[in-house]
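Trainee: Given chain U, work out where chain E should sit, using these hints.
Line by line, the protein sequences are chains U and E. So in our numbering, spot 86 of the first sequence is number 87, and the numbers just go up one at a time. So in our numbering, spot 81 of the second sequence is number 413, and the numbers just go up one at a time.
Coverage of chain E stretches by chain U, computed from C-beta distances (three or more under 8 angstroms per stretch; other residues unrestricted): (1) 375-383; (2) 391-403; (3) 427-440; (4) 457-463.
The calculated DSS-like cross-link candidates involving lysine-lysine, where the alpha carbons are at most 25 angstroms apart (straight line), are: (5) 93(U) with 120(U); (6) 52(U) with 418(E); (7) 425(E) with 120(U); (8) 52(U) with 104(U); (9) 93(U) with 104(U); (10) 120(U) with 104(U); (11) 447(E) with 473(E); (12) 425(E) with 104(U); (13) 93(U) with 52(U).
Covered stretches of chain U, going by a simulated chain E footprint (3 or more residues, C-beta under 8 angstroms): (14) 31-40; (15) 81-94; (16) 108-119.
Hints in this document: simulated from the structure, not taken from any laboratory. Beta carbons are placed, not taken as given, at the ideal position from N, Cα and C, and that holds for glycine.
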Amino acid sequence: MTEKEMQIQQKQEVQQAGEPTKPEKQYVPAVDIFETAEAVNVLAEMPGVAKDGVEIELENETLTIRGTVAPHEHGGETVLLREFEPGNYLRKFTVAETIDQEKIQATMADGVLTLVLPKIAPAKPRRIAVQGI
Amino acid sequence: MAIVRFADQKLFRNPWADFERMRRELDALFQGSGQDAGGRGAVFPALNVSEDSGNIYVRAEIPGVPAGEVEISIEGDTLTIRGERKTCTVEEKYSYHRRELECGRFSRAITLPAKVQVDRIGAQAANGIVTISLPKAEAAKPRQIKVNVG
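Pulled out of the complex, with its shape left as it was, chain U reads as follows (with noise of 0.2 angstroms):
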């Protein structure tokens, strides 16, 4: 696994996010979702995206993950090649367990931002005993 060869992954533009007024371009973010028995896990790959530029939102079971990128480049340059352009990220889930949303902890580290969203501790199962007269 870990000899693997990377490939690029083009990057998606969001498709009808809205109606955009801003000329601006909007990508999905590619991520991870996994589930442990506590917690539901999101890595989403934002290239460019300061720690203050994303955005989580979790209402009526949607989750929205919004990244803005700041510019990274400086005017007077001449672009020689261009293989990848700065745009905002933009992804929606439905999120089908019942999240605890006061202990969401969002991180981000490199670029890829990781999200726990804990579940809340199902009802335990209780045992009513019948008591005899």
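Mentor: Coordinates of chain E only, in the frame set by chain U:
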């Protein structure tokens, strides 16, 4: 339609000339598409290369790799970016809903468009984008030449 001078016209026309022209135009059409939004190569990482009068800038999109683990080397005119991404730890007990992130080793070499001062190359990483600035060698810098009135 190109303008053809009368004197340039050949006596015997190539009967396939129109088809050849059509084929050339179609080829150009396919090559032209995707040129703007990313004439992406298939090699990771994606690069943006730009220059100003004094420097060449190479920017690479390498999310998920700590700054210290990106190897950058230069040999003559060839700049090589190498590294490994280890973000995906495969755990059998996890149930995956999406697996889209790639991981593994990567290596990319590019030929620089001008000679650079090898000992003054700088690189810095911010939010998954590595910026390498390469000061151009004195000989490669643009120079204004004054025209003297004689």
